[in-house]
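K.L.:
What follows is the residue order along each chain.
2 protein chains.
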Amino acid sequence: MAYYVGIDLGGTNIKAGVVDGEGKLINKLSIKTHAERTMEEIIHDMGQLAADVIKDAGMEVSDIEAIGIGSPGTPDNNEGLLVYSSNLPFNNAPMRKLIREVVDLPVFIDNDANCAAMAEAVAGAAKGTKDSVTITLGTGVGAGVIINGRIYSGFNQAGSEFGHTVLVSGGIKCGCGRKGCFEQYASASALARMTQEAANANPDSVMNRLLEETGHANAKIAFNAMREGDKVAEEVIDRYTDYLADGLANAINTFMPEVLVVGGGVCNEGDPLLIPMREKTMSRPYFGPGVKQTEIRLAQMGNDAGIVGAAMMGMTCVLDGKNGK
Amino acid sequence: MAYYVGIDLGGTNIKAGVVDGEGKLINKLSIKTHAERTMEEIIHDMGQLAADVIKDAGMEVSDIEAIGIGSPGTPDNNEGLLVYSSNLPFNNAPMRKLIREVVDLPVFIDNDANCAAMAEAVAGAAKGTKDSVTITLGTGVGAGVIINGRIYSGFNQAGSEFGHTVLVSGGIKCGCGRKGCFEQYASASALARMTQEAANANPDSVMNRLLEETGHANAKIAFNAMREGDKVAEEVIDRYTDYLADGLANAINTFMPEVLVVGGGVCNEGDPLLIPMREKTMSRPYFGPGVKQTEIRLAQMGNDAGIVGAAMMGMTCVLDGKNGK
Numbered sequence: 004m005a006y007y008v009g010i011d012l013g014g015t016n017i018k019a020g021v022v023d024g025e026g027k028l029i030n031k032l033s034i035k036t037h038a039e040r041t042m043e044e045i046i047h048d049m050g051q052l053a054a055d056v057i058k059d060a061g062m063e064v065s066d067i068e069a070i071g072i073g074s075p076g077t078p079d080n081n082e083g084l085l086v087y088s089s090n091l092p093f094n095n096a097p098m099r100k101l102i103r104e105v106v107d108l109p110v111f112i113d114n115d116a117n118c119a120a121m122a123e124a125v126a127g128a129a130k131g132t133k134d135s136v137t138i139t140l141g142t143g144v145g146a147g148v149i150i151n152g153r154i155y156s157g158f159n160q161a162g163s164e165f166g167h168t169v170l171v172s173g174g175i176k177c178g179c180g181r182k183g184c185f186e187q188y189a190s191a192s193a194l195a196r197m198t199q200e201a202a203n204a205n206p207d208s209v210m211n212r213l214l215e216e217t218g219h220a221n222a223k224i225a226f227n228a229m230r231e232g233d234k235v236a237e238e239v240i241d242r243y244t245d246y247l248a249d250g251l252a253n254a255i256n257t258f259m260p261e262v263l264v265v266g267g268g269v270c271n272e273g274d275p276l277l278i279p280m281r282e283k284t285m286s287r288p289y290f291g292p293g294v295k296q297t298e299i300r301l302a303q304m305g306n307d308a309g310i311v312g313a314a315m316m317g318m319t320c321v322l323d324g325k326n327g328k
Numbered sequence: 004m005a006y007y008v009g010i011d012l013g014g015t016n017i018k019a020g021v022v023d024g025e026g027k028l029i030n031k032l033s034i035k036t037h038a039e040r041t042m043e044e045i046i047h048d049m050g051q052l053a054a055d056v057i058k059d060a061g062m063e064v065s066d067i068e069a070i071g072i073g074s075p076g077t078p079d080n081n082e083g084l085l086v087y088s089s090n091l092p093f094n095n096a097p098m099r100k101l102i103r104e105v106v107d108l109p110v111f112i113d114n115d116a117n118c119a120a121m122a123e124a125v126a127g128a129a130k131g132t133k134d135s136v137t138i139t140l141g142t143g144v145g146a147g148v149i150i151n152g153r154i155y156s157g158f159n160q161a162g163s164e165f166g167h168t169v170l171v172s173g174g175i176k177c178g179c180g181r182k183g184c185f186e187q188y189a190s191a192s193a194l195a196r197m198t199q200e201a202a203n204a205n206p207d208s209v210m211n212r213l214l215e216e217t218g219h220a221n222a223k224i225a226f227n228a229m230r231e232g233d234k235v236a237e238e239v240i241d242r243y244t245d246y247l248a249d250g251l252a253n254a255i256n257t258f259m260p261e262v263l264v265v266g267g268g269v270c271n272e273g274d275p276l277l278i279p280m281r282e283k284t285m286s287r288p289y290f291g292p293g294v295k296q297t298e299i300r301l302a303q304m305g306n307d308a309g310i311v312g313a314a315m316m317g318m319t320c321v322l323d324g325k326n327g328k
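As they're listed, the protein sequences go chains A and B.
Residue numbers for the first sequence follow my numbering, so the first one is 4 and each next one is one higher.
Residue numbers for the second sequence follow my numbering, so the first one is 4 and each next one is one higher.
Keep in mind that the hints were calculated from the coordinates and are not lab data.
Take the hints with a grain of salt, since some may be wrong.
If chains are identical, the list can't say which one is meant, so a pair holds when it fits in one copy or spans any two.
As the list claims (entries may be wrong) - EDC-like cross-link-like pairs, simulated, lysine to aspartate or glutamate; straight-line CA separation at most 16 Å:
{"hint": "1", "residue 1": "Lys-27", "residue 2": "Glu-298"}
{"hint": "2", "residue 1": "Lys-182", "residue 2": "Asp-274"}
{"hint": "3", "residue 1": "Lys-295", "residue 2": "Glu-44"}
{"hint": "4", "residue 1": "Lys-182", "residue 2": "Asp-245"}
{"hint": "5", "residue 1": "Lys-325", "residue 2": "Asp-23"}
{"hint": "6", "residue 1": "Lys-182", "residue 2": "Glu-39"}
{"hint": "7", "residue 1": "Lys-182", "residue 2": "Asp-59"}
{"hint": "8", "residue 1": "Lys-295", "residue 2": "Glu-82"}
{"hint": "9", "residue 1": "Lys-295", "residue 2": "Asp-79"}
{"hint": "10", "residue 1": "Lys-234", "residue 2": "Glu-200"}
{"hint": "11", "residue 1": "Lys-328", "residue 2": "Asp-79"}
{"hint": "12", "residue 1": "Lys-328", "residue 2": "Asp-107"}
Note that the structure is predicted; figures quoted are calculated from it, not measured.
Hey, can you work out the whole structure from these sequences and the hints?
P.N.:
Structure (structure tokens):
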């Protein structure tokens, strides 16, 4: 069995793990990112963490085939750079070179949402499929596309920004500069905003009471209020799942993946979210009679998706004969 | 040089051509489809037309590597079937088997919009690129996606139906059953509808006069009225290009293609369409600093796109070792 190291670089934590060729996590370690530091310091720590997790697993560097890094932003995996990241002080950061100064292994880099999709494709909800799309509902809407078992990110490695496709032309202003992006209507933050607006407009609602008790809007309040029978909350969930289903059906019509994986904390709400999400989504795609239909599944990889996906991305680069040195 | 036959199956005409390995059309023939006939009769004629065009080019069947068919609807290229077509009497039509009864060559089948994209990728506006998307603005909005030099159509070969992604959630009802699809806002038919509505609301406008002279709305009237200085027409074009740009920027953010090809008769309007289309589209995609940008180009292959693309699709199937027998 071949082994790979995956590094999940986040704004708060850097996580690294040793992963086998089937996506099984053997061992993992985590440190704080301290994103206020220089790029060189952060990347040096990533390399050191990779070295540490190999040793901690009782292995040698020579037991590992490659290191894969999942990072926010846009990579250049040919040159081994992180071209750009909105959250970290990285501009054309020479990740491959600096990591290899600490651990002498091939190093490959991709976007974190793409790595999460790779984890689901190799070892999670889309295991056994060649074409899948993973949509993550969080602060934003993340998207990763797997085509023929490989991450698809376009000619510039900046894709897929499916969360930044307009769903409501002329709608709510998005951080990306456009108006009406999918993520403004289907992210957890979007649900929190809809909750706040509906609570303000309905001061006597259960939802408004729960919101005042909580002190700030979040994606759980509407579900909790609906469980208490609140009609206002029910309408908010109905509207949210309408938008969500519109966007998910868009992803199906666009990519026709064998499996569409949906993840993010809001999925923990269970049936009150999932039943309308599935029913509304699957009533909308453009399948002719007799044509095989996409299956919607929940993400399975949880917090380890970043590590496992980064490692498996590294594995596919090795399999494709890419040069990570 | 290897040669391929491409067949472009339409509701009105069947066209076939001999094409070389670089996408150069050597010879072509055309017959009427007579779509009211049985599936067997139509497919037999497709095979006979392939035989005729080979002979007419002064070649033998043995000079040809394969036949590629571009058809409306959803193919099953593994089994050699047309699974479904909304315009033709084809349900699980055994195209490969029936064509091979006339001409004994490997036969491959794909969707016509996908073949048009393949033609642009091999010999047209996206020549020399690996990843491109071709959007055609006609009665509907057609889309074909080329990834790594191959048609991408999803696990069920039913994609990409990018024209049936919602751009205006809850908007105008589409023939596909959804509300607010891209094609309801960016097709030539959509522009004709916007023209009719604005002319009705502004009976004194130049546009209304031109519409009454023409007798029915089309995609040219607004442009002609704008050239006569009509403010109402200018507003229609402004709104149309807003929607169009929203959808094109969605395609860029989704696929990050090296080239986004735009085609269809409305592109013949030239700068009054193309300048706002390009400027509005390129102000919207989600590129970080330093990230390479997609280029927008006009389709070049014209009426031969279907034949050339079908032939080149057949070529890629041969190159990939697919069995067309």
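K.L.:
With reference to the structure, classify each hint as holding or not holding.
P.N.:
Cross-check of the supplied hints:
no. : hint               : verdict
1   : Lys-27 to Glu-298  : neither (24 Å within a copy, 41 Å between copies)
2   : Lys-182 to Asp-274 : neither (31 Å within a copy, 25 Å between copies)
3   : Lys-295 to Glu-44  : neither (50 Å within a copy, 27 Å between copies)
4   : Lys-182 to Asp-245 : between (18 Å within a copy, 11 Å between copies)
5   : Lys-325 to Asp-23  : neither (19 Å within a copy, 32 Å between copies)
6   : Lys-182 to Glu-39  : neither (31 Å within a copy, 46 Å between copies)
7   : Lys-182 to Asp-59  : neither (48 Å within a copy, 55 Å between copies)
8   : Lys-295 to Glu-82  : between (39 Å within a copy, 14 Å between copies)
9   : Lys-295 to Asp-79  : between (36 Å within a copy, 10 Å between copies)
10  : Lys-234 to Glu-200 : within (15 Å within a copy, 38 Å between copies)
11  : Lys-328 to Asp-79  : within (13 Å within a copy, 41 Å between copies)
12  : Lys-328 to Asp-107 : within (9 Å within a copy, 49 Å between copies)
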